[in-house]
Amino acid sequence: MVSLMPTIIAVSELSKIYESRFQALKGINLDIRRGEIFALLGPNGAGKTTLISIICGIVKASTGSVRVAGHDSVADYRAARAMIGLVPQELTTDAFESVWGAVSFSRGLFGKPANPQHIEKVLRDLSLWDKRDSKIMTLSGGMKRRLLIAKALSHEPEILFLDEPTAGVDVNLRRDMWQLVRGLQASGVTIILTTHYIDEAEEMADRIGVISKGEIILVDDKAELMRKLGRKQMILQLQTALEHIPPALAAYQLELSGDGNELIYTFDAQDERNGIVALLKDLNDAAIAFKDLHTTQSSLEDIFVSLVKDEK
Amino acid sequence: MNWHAMHAIYFFEMARTRRTLLQSVISPVISTSLYFVVFGAAIGSRIDEIEGISYGAFIVPGLIMLSLLTQSVANASFGIYFPKFTGTIYELLSAPVSYLEVAAAYVGAAASKSIILGLIILATAGLFVPLHVAHPFWMLLFLVLTAVTFSLFGFIIGIWADNFEKLQLVPLLIITPLTFLGGSFYSINMLPPVWQTITLFNPVVYLVSGFRWSFYDVADVSVGISLFMTLSFLGVFLVIVAWIFKTGYRLKT
Ligand SMILES: Nc1ncnc2c1ncn2[C@@H]1O[C@H](COP(=O)(O)OP(=O)(O)O)[C@@H](O)[C@H]1O
Ligand SMILES: [Mg+2]
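Residue numbers (our numbering), protein chains in the order written: chain A, 1 to 312; chain B, 1 to 253.
Take these hints with a grain of salt, some might be off.
[What the hints assert, rightly or not] Distance condition first, Cα-Cα at most 30 Å in a straight line; then the derived DSSO-like pairs of lysine-lysine: (1) B:LYS166 <-> A:LYS232; (2) B:LYS166 <-> A:LYS213; (3) B:LYS246 <-> B:LYS84; (4) A:LYS131 <-> B:LYS166; (5) B:LYS246 <-> A:LYS26; (6) A:LYS112 <-> B:LYS166; (7) A:LYS112 <-> B:LYS246; (8) B:LYS252 <-> A:LYS26; (9) A:LYS232 <-> A:LYS213; (10) A:LYS232 <-> A:LYS281; (11) B:LYS252 <-> A:LYS222; (12) A:LYS131 <-> B:LYS84; (13) A:LYS232 <-> A:LYS26; (14) A:LYS26 <-> B:LYS166; (15) B:LYS246 <-> A:LYS144; (16) B:LYS84 <-> A:LYS144; (17) A:LYS112 <-> B:LYS84; (18) B:LYS84 <-> A:LYS135; (19) A:LYS60 <-> B:LYS84; (20) A:LYS60 <-> B:LYS246.
I should point out that these hints are in silico values taken from the structure, not numbers from a laboratory.
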């Protein structure tokens, strides 16, 4: 599937030192695969926008290089950029243009001949068709965001960058956005989105790269990441409450819920010998009966917190 | 060449003019008419002729130059400054266009506007004074060259400026004074000898003189020198623009 797809963007040894001498990126290496949704996850100031801006040609790299489908992003910028659509983090739009005019302008700017049918399709897909003759300044924030997406899609890019597409967007609009992104992926577009919402990465991405302080800490398939790093917890609902954990079970480092009704066992999901069988046997020997049991897997949030903590 | 991009930018800029028709066309027409009332009627009644030309007619090339210079600089500087200000420049920087194409489109649009404006002012002037264009080809050549040259200058200012004040500064403190002192409303032969020499350091003198020559066959400096100076300014600004693009000055961090 996606993991077998060829690389479409290759970032190598990319560093950025701003004029203020601040180093925003430190030797980034990253491959994006054709057709995937890649989430770049990191806290504010991690360098997500800087990385995207360099790939798209807005910011100059200090060292390192980017290749887009084999085209060097500096030496062969025309071929590289023609493949990319960018939706910036900020809602930067003109004010007096019409929606139609703005989207048509973008298509021309990216070197494509006029194609009203395509523009119409994009506007319809983004529910902006009714607004096509409206001036941009009359649009709501959500519509402006969609307009920026329409502009980015106007030239039929193979790669779409979405820089924090749902920052400050309400829950319903977020769901709409996710749906839209999935639709785009289905139509063959490779999508790179940045976010500092972990649930967004978890919800959307095929692969996730975690970036912190200008460094990519890890990149992995989402499922793999969850499996590798995700701790699982097994929660046993006891038939009779316990006052304390019997010493015989000390080795398992169990936790007891406040009311004494639940025993919680935390184990490493990737460990084959996770100790569950032994625990259940020992519980039986200790005559602790339970009426129900279920397991939970840690969310990306937990993973992320533990990763960034390890960094420090 | 990315012709679609140049086309898109050019017409985007021209559309901006259409939306601001009042500001970009009607206001220069009104101010030109006011100049005619003030200079032509009030002062002109005291100076009847300069070098055999009625004062009202004499000032027409200078008036057109004044608008051409200020509007070229204003249009081109605003055109490129505004996207920097609003942030929409991200699109320009991420597009598969060369800087050359970007500059050509912006400068072309700004120059087109001021050429149209110059012709409108010329027509307006025709309502007040009898006009006569001795060398139409040269008149158009000077009109186009000056519009392009000073649109380039405006483009440079727009890239350099990082706030609105700087954007206004150059037109206000340099272009307008130099134009007024550059023989737009008088012949520099009317000045005392010392000032005549000093005035020759004012670049606008050459622009006005050449342009006036194309109308009335009279000039403060020879037309060859005027042409040479105009082309020199063009060359200087082209070099600066090339440097800006080479270094990404004020465009890319
Ligand atoms: N033009 C700039 N000059 C200096 N520092 C900058 C500039 N742009 C961003 N930075 C700094 O670089 C770091 C990374 O910024 P950014 O890439 O925007 O992070 P993110 O998008 O992950 O929030 C931040 O500390 C930010 O302050
Ligand atoms: Mg950002």
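- Item | Violations among the numbered hints | 1, 2, 4, 6, 11, 13, 14 and 15
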